[in-house]
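Asks: Listed below are the residues making up each chain.
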Amino acid sequence: MTSATTPTVQVRVTAVLQKVTGGQKAVEAAGQTVGDVLADIDSRFPGFRQQLYAEDGKLHRFVNIYLNDEDIRYTGGPETAVKSGDVLDILPALAGGQ
Amino acid sequence: MGSTARSGVGRLSNARSKEGPERPAPQEEDQVSINVYIPTPFRHLVGNRASVTAAGGTVREVLADLDRQFPGFNAQLVDPEGELAPHINVYVNQVEIHNLEGESTALKTGDEIAVIPALAGGAEDPATVAMTPEMVQRYSRHLIMPQVGSAGQRKIIASSALVIGAGGLGSPVATYLALAAIGKIGIVDFDVVDLTNLQRQTLHQTDDVGKSKAQSAKETLLAYNPNVNVVTHEAPITSDNAMEIISQYDYVVNGADNFATRYLVNDACYLLKKPLIDGSILMFDGQATTYIPGQGCYRCLYPAPPPPGMVPSCAEAGVLGAMTATIGSIQATEILKLILGVGEPLINRLLLYDALSLEFRIVKIRRDPNCPLCGDNPTIHELIDYEQFCGAPIPTAEAPFGG
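Protein chains in written order, with the working numbering: chain A, 1 to 98; chain B, 1 to 403.
Just so you know, these hints were derived from the structure itself, not from any lab.
Where hints are given, some of them may not hold.
[What the hints assert, rightly or not] Simulated pairs of lysine-lysine, DSSO-like, Cα-Cα distance not exceeding 27 Å:
1. B/K274 <-> B/K337
2. B/K364 <-> A/K83
3. A/K25 <-> B/K364
4. A/K58 <-> B/K364
Given only the sequences and the hints, what does the whole structure look like? Please build it.
Replies: And the structure:
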C-alpha cells in the first residue's frame with residue numbers, strides 16, 4: 001500500500017457499512033493516524049468517508065470508532081496515532097429492537 | 001387496572017350479612033370447599049397451619065369465611081380503607097386474581113387459594129416475600145444455586161421491570177423475566193400484531209395477528225407464569241407519560257425500534273435514577289449494555305442521533321430473527337444479575353455481537369463529562385422534544401414502526 005514505515009491496521013465494519021466495502025467485514029488499511037487510515041479506505045471504497053463524516057468535516061456523532069476497544073473520542077479523535085497490528089472498529093448506533 | 005380488581009374487600013361485611021339469620025344457611029352439600037394456602041407470616045393467625053379449608057363460591061366469600069373462622073385474619077389483608085392492600089396477592093390455582101375476576105372470581109370445590117403478602121413488584125422488603133410450595137418447585141433450579149437461593153429468588157419476586165416494546169427484543173426479555181418471576185412486568189406497546197412480526201417475536205403467535213401486542217404479550221407471559229403481574233401500557237411512550245410510567249418500575253429494558261424513543265427512555269431513566277438495560281439489533285449485528293445513572297448513558301455513547309434515513313431500521317434493512325433472542329436473553333440476564341448483585345454487569349462496557357462471524361467483543365464506554373444529561377454541567381434537566389431532536393417522529397398508531 002505505502003512505505004514500509006506506514007503502519008497497517010485492520011478496520012472492522014458492521015453490516016451497514018459493508019455495503020460500501022464490497023461486502024467485506026474487515027479491511028486492511030494504512031496510515032499514521034486514525035484519520036489517515038479512514039482516508040486510505042475511502043480512496044479504495046468511494047463513499048466510505050461520507051458515511052462517517054458530517055458536512056462540517058467532523059465525524060458523525062452517532063458513529064463511534066474504537067482503536068483496540070478504546071473510543072477515539074478519549075484518545076485524540078482522528079489524530080490518534082496508530083501502529084501496525086492495531087484494530088479499528090467502526091460502530092454506528094443501532095436503533096432496531098422490534 | 002388493579003384498582004378495580006382490588007376493590008371489594010370492603011364488602012366483606014356485606015358477604016357476612018348474607019349469612020345472617022334471615023337467610024337459611026346453605027346445605028352442607030352445596031358448600032364449595034376451598035383449600036387455602038397460608039404463608040408463614042400469617043400462620044400464627046390460623047393455629048400455625050400451612051393450609052386451612054374455607055367455604056364460599058367466590059374469593060370474596062372465602063376470605064370472609066376465613067375471617068369468620070379466624071378473627072383478625074381480614075385485618076392483615078386490608079388497608080385502612082378496607083380494600084385489599086396493594087402488597088397482598090391472592091392466587092386461585094396459582095393464577096393471581098388480578099388476572100381473573102378479582103375478588104369476584106368464582107370458585108369450585110377442589111380449587112386452591114393462596115394468600116401471599118408482598119409478591120408483586122414494589123415489595124419494600126424481599127424478606128417478607130413468601131413462596132408457595134408450587135413456587136419453590138417451579139423456581140428450584142434457581143433456588144439450588146448459591147448465587148440465587150431463597151433470598152435471591154425473593155428479591156427477584158419483589159422486583160419490577162418495564163419492557164419498552166413487545167417486539168423482537170421485548171419477546172425474549174419479557175419471557176425470561178416472567179419465567180424468573182419478576183413480580184411486576186410492564187409492557188409498553190401501542191401496536192397490533194402483524195404477520196411480519198411472527199418471524200421473530202415469540203410473544204405472539206399466528207392467531208394473535210391483529211390483536212394488541214401488549215395484550216398478546218400479557219396472555220403469553222401469564223401462560224408461562226401465572227404468578228407474575230403483567231401491566232400493559234398501550235400508548236406510545238412520549239415526553240408526556242414517560243416519567244409517570246417509568247417511575248413505577250425498578251428496571252427498564254429498551255427494545256424500541258427508533259432513535260427518538262431510545263433518547264427519550266434514556267433521559268427519563270437518568271432523571272428517575274433507574275437502571276436501563278439497552279439492546280439493539282440490525283441485520284446480523286447486535287449491541288447491548290447496561291446504564292447505571294451517573295455512570296454513563298446512551299448520550300455518552302452516541303451524543304446525537306443519525307440524520308433520518310442514515311441508519312436503517314429493522315423494517316428497512318431486516319434482522320435475522322434468532323438474533324433477537326441472543327441480545328434479548330443477555331438483557332434479561334443483566335437485570336437478574338443486578339437484582340441478585342452477582343457478577344459483573346455490562347456497566348461501562350458495550351457488548352458487540354456479530355452473528356456472521358459468531359464473535360462477541362466488548363468495547364469500553366464511559367461517562368462523558370460533557371454529556372448534556374449526565375455530564376458535569378448538564379443542560380438537560382427534564383424531558384425534551386425528541387421528535388425535534390431526532391428529526392423524526394416517535395411512531396404512533398397511525399404511523400407505526402412496522403415491526
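Asks: Next, verify each hint and record whether it holds.
Replies: These are the hints, each one checked on the structure:
no. : hint              : verdict
1   : B/K274 <-> B/K337 : holds (15 Å)
2   : B/K364 <-> A/K83  : holds (20 Å)
3   : A/K25 <-> B/K364  : holds (21 Å)
4   : A/K58 <-> B/K364  : holds (22 Å)
Hint check: no violations occur; every hint is consistent with the structure.
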